[in-house]
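*Asks:* In case you want the letters, here they are:
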Amino acid sequence: MSMNRKIAYINLTTREIKTENIPEKIRRLYLGGRGLDNYLLYNHVSPNIDPLSSENVAIISAGLLVGTLASASSRTHVAAKSPLTGFIGSANVGGFFGPEMRQAGFDHLVIKGKSEKPVYLYLNNGKIEIRDASNLWGKDSCLTQTMIQKELNDTDVKSLCIGQAGENLVRYACIRTSVKNAAGRTGIGAVWGSKNLKAVAAKGTMNIKIAHAMEALEYNKKIIDQIVSAKVSKTMQKLGTLFIWGATNSTGLVRTRNFQLNQLTNADDVEPESIEEELVGTAGCFGCQIHCRGKYIIKHGKYKGTYDEGPEYTSLGAFASEVGCTSKNTVLVGNHLVNYYGLDTLETGSMISWAMELYEKGILTKKDTNGLDLTWGNDETVIKLIHMIANREGLGDILAEGPIRAADIIGKDSLKYQIHVKGMSNLHSDERPTPALALNVAVSSRGSDHLRGRPAIDLYHLPEKFLKKIYGNPVPYDGPLTSDYRDYEGKPWQVIWQEICYEAVDCLGICKFHTVFLGPNMPAFDEWTKLIYFNTGMEFTAKEIWDVGDRGYTMERLFNIREGLNRSHDNLVDPYFDEPVPLGLPVVRGKFIDRDKFKIMLDQYYELHGWDENGVPKPETLEKLSLNNEPSGLL
Amino acid sequence: MEKILVIDSEKCTGCRICEQVCSVWHEKVVNTYRSRIKIVKWEMTGEFLPMVCRQCDNAPCVQVCPMEAISKDSDTGLVSVNYDKCIGCLMCISICPFGAMSYDFIDNKVMKCDFCDGKPQCVRFCDAQAIQFKEKSNTNKDAMQTAAEQVRKAATSINK
Numbered sequence: 001m002s003m004n005r006k007i008a009y010i011n012l013t014t015r016e017i018k019t020e021n022i023p024e025k026i027r028r029l030y031l032g033g034r035g036l037d038n039y040l041l042y043n044h045v046s047p048n049i050d051p052l053s054s055e056n057v058a059i060i061s062a063g064l065l066v067g068t069l070a071s072a073s074s075r076t077h078v079a080a081k082s083p084l085t086g087f088i089g090s091a092n093v094g095g096f097f098g099p100e101m102r103q104a105g106f107d108h109l110v111i112k113g114k115s116e117k118p119v120y121l122y123l124n125n126g127k128i129e130i131r132d133a134s135n136l137w138g139k140d141s142c143l144t145q146t147m148i149q150k151e152l153n154d155t156d157v158k159s160l161c162i163g164q165a166g167e168n169l170v171r172y173a174c175i176r177t178s179v180k181n182a183a184g185r186t187g188i189g190a191v192w193g194s195k196n197l198k199a200v201a202a203k204g205t206m207n208i209k210i211a212h213a214m215e216a217l218e219y220n221k222k223i224i225d226q227i228v229s230a231k232v233s234k235t236m237q238k239l240g241t242l243f244i245w246g247a248t249n250s251t252g253l254v255r256t257r258n259f260q261l262n263q264l265t266n267a268d269d270v271e272p273e274s275i276e277e278e279l280v281g282t283a284g285c286f287g288c289q290i291h292c293r294g295k296y297i298i299k300h301g302k303y304k305g306t307y308d309e310g311p312e313y314t315s316l317g318a319f320a321s322e323v324g325c326t327s328k329n330t331v332l333v334g335n336h337l338v339n340y341y342g343l344d345t346l347e348t349g350s351m352i353s354w355a356m357e358l359y360e361k362g363i364l365t366k367k368d369t370n371g372l373d374l375t376w377g378n379d380e381t382v383i384k385l386i387h388m389i390a391n392r393e394g395l396g397d398i399l400a401e402g403p404i405r406a407a408d409i410i411g412k413d414s415l416k417y418q419i420h421v422k423g424m425s426n427l428h429s430d431e432r433p434t435p436a437l438a439l440n441v442a443v444s445s446r447g448s449d450h451l452r453g454r455p456a457i458d459l460y461h462l463p464e465k466f467l468k469k470i471y472g473n474p475v476p477y478d479g480p481l482t483s484d485y486r487d488y489e490g491k492p493w494q495v496i497w498q499e500i501c502y503e504a505v506d507c508l509g510i511c512k513f514h515t516v517f518l519g520p521n522m523p524a525f526d527e528w529t530k531l532i533y534f535n536t537g538m539e540f541t542a543k544e545i546w547d548v549g550d551r552g553y554t555m556e557r558l559f560n561i562r563e564g565l566n567r568s569h570d571n572l573v574d575p576y577f578d579e580p581v582p583l584g585l586p587v588v589r590g591k592f593i594d595r596d597k598f599k600i601m602l603d604q605y606y607e608l609h610g611w612d613e614n615g616v617p618k619p620e621t622l623e624k625l626s627l628n629n630e631p632s633g634l635l
Numbered sequence: 001m002e003k004i005l006v007i008d009s010e011k012c013t014g015c016r017i018c019e020q021v022c023s024v025w026h027e028k029v030v031n032t033y034r035s036r037i038k039i040v041k042w043e044m045t046g047e048f049l050p051m052v053c054r055q056c057d058n059a060p061c062v063q064v065c066p067m068e069a070i071s072k073d074s075d076t077g078l079v080s081v082n083y084d085k086c087i088g089c090l091m092c093i094s095i096c097p098f099g100a101m102s103y104d105f106i107d108n109k110v111m112k113c114d115f116c117d118g119k120p121q122c123v124r125f126c127d128a129q130a131i132q133f134k135e136k137s138n139t140n141k142d143a144m145q146t147a148a149e150q151v152r153k154a155a156t157s158i159n160k
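Just so you know, the sequences run in chain order A and B.
In terms of the working numbering, the first sequence has 496 at position 496, counting the first letter as 1, and numbering is strictly consecutive.
In terms of the working numbering, the second sequence has 158 at position 158, counting the first letter as 1, and numbering is strictly consecutive.
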C-alpha cells in the first residue's frame with residue numbers, strides 16, 4: 001500500500017542512516033507531507049538554534065497521496081527552521097521528484113548535521129547512498145540535475161537541488177527541480193548549502209499499491225473532469241498564473257515600485273497576452289491536466305536562444321511592476337536567472353525594488369552601489385543585481401541577507417521601506433483594498449505569504465449563499481460572510497478555512513490549483529475522503545481531514561511561538577494603514593486598511609482558531625487537537 | 001476496422017498521467033516503470049514525446065518470435081502476446097525499432113500496449129489530446145484539416 005513508505009534519518013556529520021516505518025497512528029494525525037514535516041520540525045529542531053548551523057534539520061517529504069490517482073499528486077514538501085525569518089521554514093514544489101521518491105520507497109527524509117565536503121543523496125529502491133558532489137558544487141540548478149543523471153547513467157533519475165544561491169547562503173535561496181519548479185520561500189536552499197548538501201536524487205521502481213485501483217481510476221477521472229471544466233483552469237492551461245497579474249493590474253491590486261503604486265502603467269509589453277506570444281507551449285507536473293508552466297525561448301540579447309519555463313505571476317511582479325520595468329525580455333531573463341541560480345523570485349524582486357526605493361530616497365547612493373544606477377525601470381540594473389545577489393557581490397551581498405538583516409546593515413530609515421511580515425517580503429500584490437487578503441498575509445505562519453491562507457475567491461463577488469456552502473463545510477460556520485472584498489466582516493473565518501484547506505492539501509501532496517484557491521468549484525474535503533479511501537484504503541471523514549489541517553497549522557504556530565513569535569508579529573507594515581492606494585478602478589482607489597478594524601479582525605481570527613488574545617493556542621485547543629504532549633517523540 | 005494510437009508530441013505537456021493510468025489499469029499499482037507507454041523527455045529543452053507500440057503491419061516482433069506467440073489481429077490491428085506460448089527470450093524487445101516492447105521486471109514477462117480492452121486509458125486521461133485513438137484510415141485527417149485551414153487563410157488574404 002502507499003502507506004508503507006519509510007522515513008529515513010540521515011546524519012551528514014556521522015554519515016549514519018536509519019530507516020523506520022511510519023506508524024498508522026501518526027498517519028491519522030498528520031497524513032504526511034507538510035503536516036508530518038511540522039511534527040518532525042517541532043520534535044527534532046532544538047529551540048533558538050542558528051538556522052545556518054549544523055543543528056538545523058532539513059526535511060523532505062512527499063504527501064500521502066503523491067504518485068497515486070489523485071489529480072496533480074506531484075507535490076514534495078521541504079522544511080527547516082528558516083534562515084530568512086527565524087520562524088518556520090516550509091515550502092512546497094511540484095514536478096516529478098515526489099512520485100519518484102515514493103517509488104524509491106521513501107516518504108520523509110530528516111537530514112541532520114553537516115557534511116565535511118559537498119555531497120548529494122541518492123535514493124533507490126529502499127536504499128540511500130551519500131555521494132560525493134564536489135564536481136556539482138558551483139553548478140547551476142539545471143546543469144546539476146543533468147550531471148546527476150549522467151553520473152548515474154539514467155535519465156529517469158529526478159533530483160531536488162540547490163543552485164549557486166544556496167551554496168552562497170543567500171537567505172532566500174530555494175530548492176529546485178526540473179526546469180522551473182521551486183520550493184521557493186523561506187530560504188531552505190541556504191540550509192542545504194550550510195550542510196554542504198547539493199542535491200537529493202531519486203529513482204525507484206517499487207510499486208505504489210492502490211487500495212481500490214479501479215474505483216480510484218474512475219474517481220480520478222471524475223475529479224479531473226471537474227477541474228478542467230472550470231473556467232479558471234482553461235485560462236491557466238494557456239497562461240498559468242500570469243492571468244492573475246493581468247486581471248489584478250487592471251483593477252489596481254498589483255504592488256508597484258516597492259509599495260508606492262498599485263498599478264503598472266504603460267505595461268502593454270508585459271501584459272499576459274503579450275507574454276503569451278513568447279510561449280511555445282505549456283508543461284505540466286506529474287499527473288496534472290492544468291499544465292500551468294509556459295515554455296519559452298529568449299529571443300533577444302545575451303541570453304538569446306535560452307530555454308526556460310514560466311514566468312509566473314511572481315516573476316512578472318518581481319521583474320516588471322515591482323521594479324518599474326515594462327519590458328517582457330527583462331521578465332523572461334530575470335525569471336531564467338532566478339531559476340538558474342536557485343533564488344526565490346519573489347524575495348529577489350522585493351529586495352531589488354526596496355534598494356531602488358532607497359536609491360530614490362538618497363539612502364543608497366552611487367557610492368554604495370559601486371556606480372550602479374538604481375533608478376526605477378533600469379532593466380540592466382535589475383538583471384545585474386540578480387547576479388550580484390546570487391554571487392553575493394557588492395550590494396548584492398547585503399541584499400542576499402533578506403529584509404531585516406539588510407535593513408540593519410544599511411541602517412538610516414531603510415527598514416521603513418521594507419514591505420514584509422515576520423521578515424519575509426510580501427507578494428507583489430497590493431492588499432490595501434482587500435482586508436481578507438491583508439489579514440492572510442499578516443497572520444501567515446511562514447511570514448507574509450498568499451499560499452498559507454489567501455481567500456483568493458473573495459475577489460469574485462460570489463453570492464453569500466454560495467460562500468456559506470464553501471466556508472460552512474466540513475465544520476459549521478454561522479457567522480457573517482460577505483460578497484464584497486472591501487469588507488472586514490466574516491473575513492477571519494475565510495482566512496482560517498483557507499489555511500486549513502491549504503495545510504490539508506499540502507499533507508496530501510496535491511497542488512493548490514486543484515482545490516479552492518483560484519476556482520470556487522474545485523475539490524476539497526469531501527472529495528479528499530474518497531481520494532484517500534480509494535488510493536490508500538484509509539477511512540477519513542471530511543471533519544477528520546479538517547482536524548489534520550487544523551493540527552498541522554497549530555503545530556506551525558507552536559513552533560513559531562517557541563522561537564519567540566507573539567501578537568506583534570501578526571501585523572502589516574505601516575503603509576498598509578497610512579497610505580491609501582493612489583491608482584486603479586474607483587472600487588479600490590483611495591482604499592487602505594483601517595487599523596481598528598484590522599485589530600478586530602485579528603481578535604476574531606485568534607478566537608476562531610481557539611488561540612488567546614496573544615495568539616497562543618489555548619490548552620483546550622491543544623487538547624482537542626491532541627497537541628498537548630508535544631514534543632512527543634513518536635518519530 | 002483497424003485503429004491506432006496517434007501521437008501529437010506538440011500537444012504533450014509531459015505530465016505522464018498516461019504512464020500512471022496505464023500501470024494502474026494493467027497492474028493495479030502506480031509504477032511508471034511498468035507502463036506500456038512512456039514519455040521520452042528532453043526535459044531541459046521542454047520537449048516531450050510519448051512512445052508506445054505502433055501496432056506495425058509487418059511487425060518485427062511478430063516475425064522474430066520463434067514461438068509464434070505474437071500475432072496481429074486482422075480486425076482490430078492489435079499486435080498481442082500469447083503468454084501461454086511466450087518463452088521469455090526477449091527477441092521481440094531486441095528487434096522492436098521503437099523500444100515499445102518492454103519488460104515487466106516484477107511479473108517477469110514482456111509487455112506492450114494492448115489498447116486496454118478497446119478503451120485506451122492513456123487516451124481517456126489525456127486532456128491535452130496528445131494521444132488519440134483513431135481508425136487507421138483517418139490518421140491523416142487532422143493534419144490535412146490544419147494544413148487546409150492555413151491554405152484557406154493565405155488564399156483569403158491574397159484575394160483581399
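A couple of the hints might just be wrong.
Stated by the list, open to error - Think about it this way: if two alpha-carbon atoms lie no more than 30 Å apart in a straight line, the pair counts; the simulated DSS-like pairs of lysine-lysine are:
#	chain 1	residue 1	chain 2	residue 2
1	A	Lys299	A	Lys469
2	B	Lys136	B	Lys109
3	A	Lys618	A	Lys25
4	B	Lys141	A	Lys209
5	A	Lys299	B	Lys109
6	A	Lys6	A	Lys117
7	B	Lys41	A	Lys150
8	B	Lys85	B	Lys3
9	B	Lys38	A	Lys6
10	A	Lys597	A	Lys465
11	A	Lys222	B	Lys41
12	B	Lys141	A	Lys234
Bear in mind the hints are in silico, worked out from the structure with no lab data behind them.
It should be emphasised that the depicted structure is a prediction, and the values quoted were computed from it without experimental measurement.
*Asks:* I'd like to know which numbered hints this structure contradicts. Please list them from smallest to largest.
*Replies:* 1, 4, 5
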